[in-house]
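Engineer: These are the residues of each chain, in order.
Number of protein chains: 2
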Amino acid sequence: MIETELGSLRRSHYSAELDSSKDGTNVTVMGWVLTVRGHGNISFVTIRDKNGDIPIVAKKGNCPDEIREKLSSLKPHSSISISGIVKASEKSPSGFEIIPSEIRVFSEVKKIPPFEPLAKTVKNIDTRLEVRPIDLRRKVLQDIFKARSQVLTSIRDYFNEQNFTEINTPKIIATATEGGAALFPIFYYNKEAFLAQSPQLYKEQLTMSFEKVFEIAPIFRAEPSRTNRHLAEAISIDLEEAFVDYNDVMNRIAEIIKISLSAVNNYVNKNPETEFIIPKMPENIPQYSYDALVEKMEKAGVKIEWGDDLYPTNLKKIGLEGFYFIKDWPLGPKPFYVKSSRSNPKLSESFDLMFGDLELSSGSTRIEKRDELEERMKNKGMKTDAFEYHLGAFDYGMPPHAGCGIGLERLIMALTGTENIRDVTFYPRDIDRLTP
Amino acid sequence: MIETELGSLRRSHYSAELDSSKDGTNVTVMGWVLTVRGHGNISFVTIRDKNGDIPIVAKKGNCPDEIREKLSSLKPHSSISISGIVKASEKSPSGFEIIPSEIRVFSEVKKIPPFEPLAKTVKNIDTRLEVRPIDLRRKVLQDIFKARSQVLTSIRDYFNEQNFTEINTPKIIATATEGGAALFPIFYYNKEAFLAQSPQLYKEQLTMSFEKVFEIAPIFRAEPSRTNRHLAEAISIDLEEAFVDYNDVMNRIAEIIKISLSAVNNYVNKNPETEFIIPKMPENIPQYSYDALVEKMEKAGVKIEWGDDLYPTNLKKIGLEGFYFIKDWPLGPKPFYVKSSRSNPKLSESFDLMFGDLELSSGSTRIEKRDELEERMKNKGMKTDAFEYHLGAFDYGMPPHAGCGIGLERLIMALTGTENIRDVTFYPRDIDRLTP
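Protein chains in written order, with my numbering: chain P, 93 to 528; chain G, 93 to 528.
Keep in mind the hints are simulated off the structure, nothing from the lab. Please read all numbers here as calculations on a predicted model, not as lab measurements. Don't take every hint at face value.
Note that the list lumps identical chains together, so a pair holds whenever it fits in one copy or between two copies.
Said to hold, decoys possible - For lysine-lysine, the following DSS-like pairs were computed, each having C-alpha atoms within a straight-line distance of at most 30 Å: (1) LYS202 <-> LYS231; (2) LYS283 <-> LYS179; (3) LYS151 <-> LYS203; (4) LYS461 <-> LYS202; (5) LYS179 <-> LYS167; (6) LYS461 <-> LYS231; (7) LYS142 <-> LYS350; (8) LYS350 <-> LYS238; (9) LYS231 <-> LYS395; (10) LYS142 <-> LYS202; (11) LYS202 <-> LYS151; (12) LYS238 <-> LYS114; (13) LYS472 <-> LYS203; (14) LYS114 <-> LYS215; (15) LYS350 <-> LYS215; (16) LYS167 <-> LYS461.
With the rest of the complex left out, here is chain P (with noise of 0.2 Å):
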């Protein structure tokens, strides 16, 4: 075996699993140095690691004094191990502390970080995405995005229980789905191509061999808009499922919901210092027809006409809050692959699933022949010669079917209470922002 440079050297506890029954015993601990405090003969030290903090405590005396000297003289952030025993103390928070008798510093730090890792709040957002490393150590984003993690287990839970196939469709794509919404382009070897905006196309042509398929994967949208609700890349939850309609993916979506604020309130639970802000759910989530809420906001003086968009601050002035659906649009702005209204062609099968202001999710039942499909196209303008691999698949007995796509951060937005999208987002892409 070729000596490597950690060598045999390894961690043999977590912060989480040290406590005062543990007194007398050898342990290894490595993470980062969070505080160092000397008072001459003495150093005291906080390692944090990802469960938590550990308290390391040398002595004159009690450790070798270039120990204790070494962990004196280090900077926080710097990644250390410490090899040493543990001592129960009631002096300590945590009922114990460290007593040092070998260190290793792996990284050592120099300069003073632009912010402080104990920060609640930082200020400008700006200074902390520059330095994203160091601020995802901070714990208002170690809690969201640890609870996230989960949020997206549960939600992978669901969907195998459901017996749904799990899916991956290319994100380099010939055509644009929705027609004509910001696309990026790519050189693709020799010939032009585009970011995927959305698996659209391809989730609906998997429902003819799977049936119940979903995928959980980047979407990439030229967004020309500077809000906290909009981002260039992101992780959209698509699912799509053949023989169902738009009422049966609102129920999906129901469960969905379900699950995932029980995913985020376990991890309160066990991370009971966590500051969320976490919804209430409700028995059902209430469902308002598009007809309903526009005559709603004429009644509160709204100028609105039929077929206007819901705006935000319109949806204020009617009091929706909490978790809502606004179905029953009208077809005309929907894309091409909405079905219309059975009872009514000026309206779609279709859903917004709605927080408050913040639109979660949008979803509805797929058109399934080809000459309806065309049809539509043709009355958007769009050059059906371009989809031909798409409208090809509907020659071959397209079932009926529905789906959505759930945008991941505004779900975690809506589950934690976040109120900036690019504070659930490891590494936010904007139109003003490609690095870190």
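Go by the hints and put chain G onto chain P.
Structural biologist: Structure of chain G alone, referenced to chain P:
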């Protein structure tokens, strides 16, 4: 409630939920016409759904004439719904048949598909890829992708059990990671950007805050090669871990191979007609050093010099098969972030996981010290300025860390005995193919 086109019509049973014990039950089944046979006054139709096949028998006098006639007229692949009564039948291989009383045709097929959906093999893969949505109905592909979905689930379960945090890193990036390999350029608003060929630098950075991270997401490489094992867009299983070295990562990979194999074996046990060629799991995955293999090759008469790559043809010559690691590669050709060996600076703490002559994964211990990293970049002729967004992180306590990326498609090839990477990819992308 607005009336939808599907109305209240829903599937009551999947094929797998039906057998002779359901004799006399009223059911609604949905799926695709697989075969139609008619003999005057009797029609036999088989419907396929995601779980299997359902025999429909329409006899004159037994069911309305117009239903029998409609059924006889249907072409394969049409998507339909049949309501009727289950009748136990010894003549039927499945032990039952359905006597239809209602039919609804969702999409009626008029064209003859370019190949037979029951066919085990279709000669030209391009013929199949052009109509991928129906190609994916073929049993061999159904098995591959359903097993793939279950492999993904078990790998994520493993990461969760081991307290890894799921991450998503940006696919739109400002600079090339591996310094020079083929990247796809993008127009990002008014800037130049690229598609990420790996989450390498981001996952490394995230070990500073989450210690153990994983991501399963697309990667993009402008591969110029036309082979059975390269794609322009692939799914990478990436893991990265703080306070460990490449030996720990090889252990993780061994675990991942074990649980993936077990997921595939489970799938085959539940679906005994599956025709995978599943490899055996060795007790331990053997590890060969680069030096040892060069020596073996020399003895086998291969013309090779220390520092050369180990080509598939030469690996075959020394009879390596199944899963094995090649480790301790020469440092020279390795990317800038790979740590050199302590005992021999010409070597690196790196490995490849192989399956026969197919590379499934590449991993290493990474450099955690900024000055070492900068020197390596300079030696490789890279501009460190462009990487300041990454190098800056090293000022604040990068831990020792190691990780790897596993190619999901190649892993599935190995686990199922599939020879062309396009057959384990829903919609493959390569130098010649951008659609469907």
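Engineer: Next, verify each hint and record whether it holds.
Structural biologist: So, going through the hints one by one against the coordinates:
1. LYS202 <-> LYS231: within (23 Å within a copy, 61 Å between copies)
2. LYS283 <-> LYS179: neither (67 Å within a copy, 57 Å between copies)
3. LYS151 <-> LYS203: This pair counts as within: shortest intra-copy Cα distance 27 Å, inter-copy 85 Å.
4. LYS461 <-> LYS202: between (66 Å within a copy, 12 Å between copies)
5. LYS179 <-> LYS167: Within one copy only: 25 Å inside, 79 Å across.
6. LYS461 <-> LYS231: between (52 Å within a copy, 25 Å between copies)
7. LYS142 <-> LYS350: Both. Shortest intra-copy (28 Å) and inter-copy (27 Å) distances satisfy the 30 Å Cα cut-off.
8. LYS350 <-> LYS238: This pair counts as both: shortest intra-copy Cα distance 18 Å, inter-copy 27 Å.
9. LYS231 <-> LYS395: neither (44 Å within a copy, 57 Å between copies)
10. LYS142 <-> LYS202: within (22 Å within a copy, 60 Å between copies)
11. LYS202 <-> LYS151: within (24 Å within a copy, 87 Å between copies)
12. LYS238 <-> LYS114: within (27 Å within a copy, 47 Å between copies)
13. LYS472 <-> LYS203: between (58 Å within a copy, 27 Å between copies)
14. LYS114 <-> LYS215: Neither way: LYS114 and LYS215 sit 41 Å apart in one copy and 66 Å across, limit 30 Å.
15. LYS350 <-> LYS215: Close neither inside one copy (33 Å) nor across copies (48 Å); limit 30 Å.
16. LYS167 <-> LYS461: between (66 Å within a copy, 16 Å between copies)
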